[in-house]
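In order, the protein sequences belong to chains A and B.
Each residue of the first sequence is one higher than the one before, starting from 359 at the first, in the working numbering.
Each residue of the second sequence is one higher than the one before, starting from 375 at the first, in the working numbering.
Note that these hints are calculated values from the structure, not bench results.
Check before you lean on any hint, since a few could be wrong.
Said to hold, decoys possible - Derived coverage of chain B by chain A (criterion: at least 3 residues anywhere in the stretch with Cβ under 8 angstroms from a Cβ of chain A; other residues may be distant):
hint : stretch
1    : 411-421
2    : 426-434
3    : 445-456
4    : 466-475
Claimed, not checked - Coverage of chain A stretches by chain B, computed from C-beta distances (three or more under 8 angstroms per stretch; other residues unrestricted):
hint : stretch
5    : 446-456
6    : 632-643
7    : 996-1006
Think of the CB as a built atom: it goes at the ideal place given N, C-alpha and C, for glycine as much as any other residue.
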Amino acid sequence: MKSDKKRIGVFVCHCGINIAGTVNIPEVVKRLKEQADVIEVIDHQYCCSDPGQNLIKETIKEKKLDSVVVACCSPTLHEPTFRKTVSSVGINPYNCEIANIREQCSWVTDDKEKATDKATKIIKTIIKKVEHDEPLTPITIPVTRKALVIGAGVAGIQTALDIATAGYPVILLDKNPSIGGHMSQLSETFPTLDCSQCILTPKMVEAKQHPNITLMTYSEIESISGYLGNFKVKVRQKAKYVDWDKCTGCDVCVDKCPKKTPDEFNHGLTQRKAIYKMFPQAVPNRVVIDAPNCLYLEKGACRLCEKHCPFGAIKFDDQDQITELEVGALVMATGYELLDKQMLGSYGFGKLKNVVDGLQFERILSASGPFMGEVKRPSDGKIPEKVVFVQCAGSRDPENAMAYCSKICCMYTAKQAILYKHRVHHGEPIIFYIDVRTGGKGFEEFYKRATDEGVLYIRGKVSKIFEKGDKVIVWGADTLTGKKIEVEADLVVLSTAMKPAATKEFAQLLKLTQDEYGWFTEAHPKLRPVETLAGGFFLAGACQGPKDIPEAVAQSSGAASKVIGLFTSDTLEHLPVIAGVNEDMCSGCGICIDVCPYKARELVTTEDGKKRTVKVIEVLCEGCGACSAACPVGAAQQKNFKDQQIQDMVKGGLE
Amino acid sequence: MENFEPKIIGFICKWCTSAGADLAGTSRMKYPPNMIPITVFCSSRIDPQYILWAFKNGADGVFMGGCHPNDCHYQDGNYKTMKRIPILKNLLKELGIEPERLRLAWISASEADKFKKTITEFTESIKKLGPLSINDK
C-alpha cells in the first residue's frame, strides 16, 4: 500500500575527516539520492553537534519525515543521542537507526573508492531495516521494593543491613534457628586476630533490631515464581515446637531435657540436648526442639521441658508454616561448607578422633567452644604437645577432590598455628604446605609472624595419616630436601577444602547456574561479579567462590547496592525489541519454547479454545531472536528484526 | 579473476563480534572492505535461510560472528548457531555451494586483531574460490 510507505531521511556525517577522509561523502549522497527510496539525503560536518542535531530536527519537520537513518560512528556511541533528537520532534525513537560507517568502514579501509562503495552499501542495509521498523514503546514493569536475602551468615547480614538502611524492607532467611553462619563459629580472625564473635554479634543484633529487617530463621525456600521485580516465594518455616513469642531463651528447658545428641555447632565435638539453642549468643535467642531426637515427639513419653518451662512456651502440636512472600529481588548468600573428611581416604576417612578439620579446630580454639578455649584433643582431653596442620586437604587436588584453591586456608592455618602457640607455649605446630599464598592486605606479614613465633613450615604433601597407640602418625615428604618425613603428632588439623553449601537441587529450584563444583555463576567474571544472568538475582559472599570475611562483606555491599539501584524506582523499563507471535500463523508446535533461554514463551489455548498458540511473557524476553530463527512458519518475529527486514538488509548489502 | 571483488555478507552479533569490529576500527586496523556487516542482537537470530538467501541474492561468501562459547550475552545463543552452521554446511554441499563460502568464527569484543585477520583471510579465500557459480546463471 502506497500510503504505508515510510518517509525516510538519511543524514550522512563527515565526522570531520574521520569519515570524510576516506569516504567520498558527496558521492554517497548522490548515489543514495539516485538509488534509495528516501525523501531526503543530507550530509553534515558533525551530526552529533548542536547544529547537526538541529539540522536533523528541522529537516524532519520540513520534509514531514517519519523515519531517520544517521550514517556516522558506532551505534554504541550516538544511537541514544540521535534517538533523543528525533523523539524531541515527535518521531518514535525506535524509528531512528544508525549506519556504522566509521568504526566498520572509514577507519578500517585505505582505498577511498572502495570505502565509498562499502559505506553506501552499509547505509542501504539500514535504510532497508528502517523501511519496516515499527514504532515501539518500552515495556513498563512494576517493582516490588522488598528484598529477600537467603542465608544469614556475615554476607547475608551485611547485605540485609545495607538494603534496610537505604530504606527498603528486607527478609533475612536462614535454614538454621539462629543467624550468624560460619563466622559465629570462628575463634579469632586473620590477620588481625579480632575475636570473631565480638565483631559479628553486634551486627547480628543490629539485624534483629532493624525496623526494616524481618528475620525468618529455621526456614527454607519451597518454591519460587515470577520475574525481575515481581517474585513470589513460598517459604517453609520448620516446626520449632516452641512458641517464640512466649520463649525468653532462659534455657531452663535445656537443662531439664534428658536426651543428648551430637552438637552441630561444635561439629560433633560435644553433645547438645534435643531442645536446644544453637549457641549462647544466638539471634533470635530462642530454643527449638529437634523432633527426631525428642523423646516425647518420637516415643510419646517425657514432656519435661513442657513441665519446667516457666512461660508455657512449649508447643508439641506445632506444624511447619508456609508463608508466601512477594519480593522484587533475591540475594543468594548461602555460603560454604567444608569438604567431608570422609572424602579424604588416606587421611583416615574422618574416623580418627584426633584428626579434626579447620572448623572443628576453630571450635576447640573458641572461648565458647567444647573446652572453653583451652586447646585439648577430642579423644582424651589431653593438651596436644605436637600439632600437625595439613594444608590443601582436598584443595588443589583434581584427582581426588577439588581442583581449585580454597583461598582462605593458608591464612587460617597460620592463624590457628599462632593461636595454638599462644595457648600452649611449649607446643610444636608443624604446617605441611604445597605453596603459601599470601595475597591480601597484611597477609604476608602475618605469615612472617607465624614463622617468627615458632611455627615450622614443611613444604610437602602428606601421603597418609594413621593412629599408633595414642599418637597420630603423619607420613609426608619434604619436597625441598627430598626426604621422607614421619611425624608423631598428638593432633592433626586438616585444612579441608571449602565447597558450596547450595545444592544442585536448590540451584535448580531458583533456576540459577552453578559451575562444575556448584559455586553460583556470576553474570560476568570481571565486570558483573555480584549479578547473575537471571534478572533480579544477586550474589553475596562465598556462595560464588571461596572468599575470606572482608571479601564476602565487600561483595555483599556490592550486591546490596545493586538491589538498592533496582529499587530506586517503582517501575522498570524493559527493552521493547522483543519477539512477538502472530497467532494466525502459529501452529502451536512449541519449538520456540524450547529454544528460549528465558522461559519467556508458553503454550496456551486461544480465547475461543480452538487452537494452541504461544504467549510471550514480554518482560522476560531479552530480545535475542533465537525463537524467530527457529520458528518453522515465521510466526515468531522479533520486533524491528523481522524476517523481511533482515532479508531486505541482505539485499541492500548486495546491490 | 585477478580483479574479482567478492561480495560478502557478515552477520555479526552486537555484543561480541560487532564490538570487536568496532575496536578494530578504533585501533585503525585495515582489512578488505568486501564484507558488509549486518548486526543483530545474537547470532542465534540468524535463520539459516538468510544465509541461503544471501547466496541466492549474489553473495559469494557469508560470514557469521558470535560470542565465544560460554560468553553469549543470551546464555546459550551461540550454541544454537554452533549446531545450525555445520548442518547448513552439509546442505550447501548438496546445493553445489562450496561449504568454505560460509565461515563461522567466535570473536569477542576485545579480539579486534582476530576480527581483522579472520575477515582478511576469509575474503582472500573467497577470492581464490572465485565468484559463486549459481550467481552466474
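Hint by hint, here is what the structure shows:
no.	hint	in the structure
1	411-421	holds (count 10)
2	426-434	holds (count 5)
3	445-456	holds (count 6)
4	466-475	violated (count 0)
5	446-456	violated (count 0)
6	632-643	violated (count 0)
7	996-1006	holds (count 5)
In the structure shown, a violation is registered for the earlier hints numbered 4, 5 and 6, in ascending order.
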